[in-house]
Structure formats: C-alpha cells, structure tokens
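Now for the letters of each chain:
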Amino acid sequence: MKRYGPLAGACGSVFALLMGLAACGGGDGSSSSGGSTTPVVTTVNNVQPVVVDSGPSLNGQPIGANDELFTTVTICVPGTSTCQSIDHVLVDTGSSGLRLLSGNIALTLPYVTDASNNPIGNCVQFADTTYQWGPLVKVDVRLAGEVASSVPIQVAGASNFAAAPASCTAGGIPAQTLLELGANGILGVGLFRQDCGVACASSSPPAVYFSCPATGCTPTSVALTGQLQNPVWMFPQDNNGLAILLPQVGAAGAVSVSGSVIFGIGTQSNNGLGTTQAQAADINTGNFTTTFNGVPYTTSYIDSGSSGFFILDSTTTGLPNCASSSDAAGYYCPTSPASFTAITSGRNPNGSGTTVSANIAFSIANGVSLIDSPNTSFNNLGGPAPGVFDWGLPFFFGRTVFIGIESQTSAAGTGPYWAY
Amino acid sequence: MRNGFALLAALAATALPGWAVLGGSAESVVTDQLKFQAKRTVVETQEYSLHVISLDDGTLIREYVTPGGKVFGVSWSGPTIPDLPQLLGSYNAEFQNAVHVKSGHRRTAGVHDSDLVVESSGHMRAFYGRAYLNSMLPSGVTQEIVK
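Keeping their order, the protein sequence lines are chains D and B.
Residue 131 in the working numbering sits at position 131 of the first sequence, and the numbers go up by one each step.
When you read off a place in the second sequence, starting at 1, and then add 420, the result is the number in the working numbering.
Bound conformation, chain D alone (with noise of 0.2 Å):
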C-alpha cells in the first residue's frame, strides 16, 4: 500500500488519511484489539439528537439546505477511544452504510483489503446522477451511547487513493467535498443492512466495489460482511430497527428543527410502536405500493435523503413545475397550496398475509417560495419524479416513523417494514 502516500508505506494496512497525524502501529484494530469484547447488554442511551437546518458552514456561511436532517457522527479508530465527531451527516433512510468525506477525517484508519490484501475501492451512484469513490476502511460508529464495532465505511474523495473508475464517474458529478455534498458525509440507516447487498456478493457483481492494485481498479465481489454496512444492525443491542421522530411544522415552514433517532424497536421502554402498523417493504428493492387518485404506483418508497416529496409528474398530480431558471427548479410551483391523500400499502410483516393500508394526506406548496424564505424545514415541498412516489423527508414532519431492519425481527414482525 505504499503507492497510497509517503507515510502509508511503512504502516501496512494504515490508511493515513491526514498525513500529520499518520502513526504506524497503533491504528490497525484488526490485529491488536484482541478481539472486541462483548459489551454486556444493559440499557444505553438509545436517543441520537437529529436536526433540519441550513446545514454546514461553507467558508463561514451555512451552505443553504432545505429539507436535509443532519446528525453528529462519532467515529474510532477500532477498538480505541481515539475517536472524533463529525457533523452534519446526512441521516438518509435511502441508502445503507456510512460515508464520510475525506477531507473530514483526523484518524489514522485500517484499510479493508481483500484475500489478496489489496484495498477495496467502493462507489455509489444516486438518482441525482452524484457519485461517490474512495476506499473502505474500518471504524467504530458510535451514535448516542451505541457502538457498533470494525464497520466497514467509505471514505469519499481520499486523495492519496486510486482514481475513481470510469464505471464509476461516467456522465455523474462528484459528491466528495463538503461543497458538491452539501453535508459532512452521509448515514445510510435504510431498510437493508449492507448497501448493496448479496448482488455484490455473487460471481458477476455490478460495478460497486473495487479491488485496488497498484495497477488499477477491477470490480470485485464482497462478501456480506466485508460491505458498507447499516451500523444500527451491527449494535450489540437496540439493533432490530430504528425510529426517526420529527416535530411537525407549520404551511410556512421552520428556521429548523431538533428532533431524535431512536435505536431499536421495542427493545426499550422509549420505542414501542404503539399504535402505529407496520407494513413490509420488497424484500429486493425496499418499495411499497402508493395508491394516487386510484392509480398504484409501486415503486414507492420513505427516503429521509430525499429534500421533498418526489411524486409522479405535473400532468399526473395538476401541479405546474417550477421554472428551470429559478431557485427551485426540480419542485413543483403551485400559485396556492394544494392538498392530497394518498394510500400506502404492503403486506404485514408478522406473516399473517394480510395487508395494512394507511391514508397519508399531505400537501404541495409553490417551490420557489418555500426554498426562497429563510425557512429550512418544510413538510410541503414537492417536486416531480415521473412513475414514482417517493416520500421525501416531508414526510417526517409529525411522525415517528420506524425502521425495520431486513431479517431483524420486532414485536412487528420481520423487517424490512416501515411503521408508522
């Protein structure tokens, strides 16, 4: 790994992310952990604070989200206290697995490399066309007073790390600095516990994970355990699920909002689903069934990552698009707000093969005035997504809307399921 950086060469496996803080020897938790003990189950801290706001500070300037719920991520060196926290990451219920942008990252991590001991390179491209490449290392997570330990993540833009495949960049933008992500990172606590999945672990993968020699980047498949993984499954406890719970705000919006992510589900006396019902997702792709004036679309799915409602098209839902020039072009520019129902539907995750129906009503406001106030917490921003129905972060506003983890079971059933 030496063609990694100057202070890589004599660190083995060390990925010195910050050359002035690389130190050889102490960071590689794989060898010198001496296995990670067993925490003993008693009862943590389960609540991690999250928040709607304008973001991180750009060059001294709040960077300007809307709709975006941040968290404080804390991360080790594995199997250390050597840790530090990072802001402003994404808490994204459309993905799975950790990402955080290099330029973020003080420690000195251990690569994760495959049987040949060459690192992993991983990418991920999402629906806005961004893409994001670097190498996978291993940290401990530690959100509230949960651990989740050796967790593969990625480090988004390392410098000191192969170029990003053409697969990869081919027609996408860079996410890997604070100005193209417009967040610190991302955590992806989705309904799956790996960010790809058994597609990465089979004999002809997709284009996701790299091996990286020297001599270039070639996908290579990943076993389960070797990928991105959700770090609320790999908790020693509260690890079936997770419950995002968002105040509700008002037609115009907030300035921001403080709200919490609870880990586990029922598991504690703060996270039971009470009178909520829970509806399982696919098992392959995480949607569900929306029912719009009689139509169902089913490819719909609760995306925390996804700044608005994305719903079907201007001839579909009567809403007129924002201009392309303006400030919120991609939303929806109704003259007067405009209110909806519409029915989600899935089976019920207990295995009773019965199906749980909830009547969702929401409403869709003109685009350029919301994003245009100084507001930055919208339950009525709205934007177009031909076929599909995405129920962005507006959705959260005023619920609590549980998570439920694939093959991890609750009081619910077995995941993945939404409840709400």
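Hints were generated in silico from the structure; no laboratory data involved.
There may be inaccurate statements among the hints.
Claimed, not checked - FRET-style restraints, in silico, Cβ to Cβ: (1) Glu447/B to Ser357/D: 46 to 52 Å; (2) Val463/B to Asp87/D: 48 to 54 Å; (3) Leu179/D to Glu514/B: 20 to 26 Å; (4) Ser373/D to Asp535/B: 32 to 38 Å; (5) Thr461/B to Ser256/D: 50 to 56 Å; (6) Thr43/D to Val472/B: 49 to 55 Å.
Claimed, not checked - Covered by chain B, according to a simulated footprint, are these stretches of chain D (three or more residues, beta-carbon under 8 Å): (7) 93 to 105; (8) 184 to 194; (9) 279 to 291; (10) 295 to 306; (11) 380 to 390.
Computed from a prediction, not measured in an experiment: that's the story for all the values here.
Quick reminder that beta carbons are idealized off the backbone N, C-alpha and C, glycines included.
Given chain D's structure and the hints, the job is docking chain B onto it.
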C-alpha cells in the same frame, strides 16, 4: 428468481446486442454489444418498436424505436444506474449541464427542454429514469409510452 434470471442472461450473453443511443440509429445497438452483455427482446407495435434489454444485474433498459429506425426514447430501472453517457449519447452533455445548475435538492435529476426530456429518480438498489425527444415521437405516440 433473481438467480434464474441471471443464469438466463448469462447463457444468452455471448452474441446479443446492448442498446442504442438516444436519437441514434437502431442499428447502433451492435456497436454497444461488446460493452454491455445483455439479452434483448423486441415488441413491435404499429407506431414503434420496443426493445427490452436485460442486464445480468437485473437492470432493464427499454428503448423505443421509430418505424424509421431512430431511437426516440429510452428508460431504465434496476439496482444501479446504467451508463447514462452510453444511453443518452450526445444529449448527455445537455442533461449534465442542467443537473449542474440545479438547486441543492437530492435524489432526483431532470431536464425538460422543448425537445429533450430526461428524468432520473430512485434510491439505493432501485433506480428509475427515462429520456425522450419530443421532436422524434412518431405520429400517434405520446411521451407517456416511454416508461
């Protein structure tokens, strides 16, 4: 089901074409053949032909071809986003320019010009999108068929 599908695609992969470029000739599928191993089926209608291309990772590409042999629309769905420069050809630059100037929102991207329309959405493990050229829609065909 996924395993069976992958096996079928692998068996058919050796000599079958990839996909054509938006606005290009339907014959251009052959030039892409080496880049994307895929299996293809064709559905003929009176107004257009629909080529459905299955990649072995589960991605489905649909390309809509005029009676004159021009690709007027494409759509995609699958666990990863397909190679959009490959799909959109010379129109990819216009799409990317539009995406670059968008506001800060996440998870969708699109361009709606008088001629070119591109729309991208979805989330990890499930991505969707479509693109079409209004000027190339065959008579009697509306944009809604591109899905």
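Quick rundown of the hints versus the structure:
1. Glu447/B to Ser357/D: 46 to 52 Å: 48 Å, holds
2. Val463/B to Asp87/D: 48 to 54 Å: 52 Å, holds
3. Leu179/D to Glu514/B: 20 to 26 Å: Distance hint for leucine 179/D, glutamate 514/B holds at roughly 23 Å.
4. Ser373/D to Asp535/B: 32 to 38 Å: Distance hint for serine 373/D, aspartate 535/B holds at roughly 34 Å.
5. Thr461/B to Ser256/D: 50 to 56 Å: 52 Å, holds
6. Thr43/D to Val472/B: 49 to 55 Å: 54 Å, holds
7. 93 to 105: holds (count 3)
8. 184 to 194: Held - the segment 184 to 194 of chain D has 3 residues with a Cβ nearer than 8 Å to chain B, which meets the minimum of three.
9. 279 to 291: Result for this restraint: holds, n = 4.
10. 295 to 306: Per the Cβ count (5), the hint holds.
11. 380 to 390: This one holds; 7 residues, not fewer than the three required, reach chain B with a Cβ under 8 Å.
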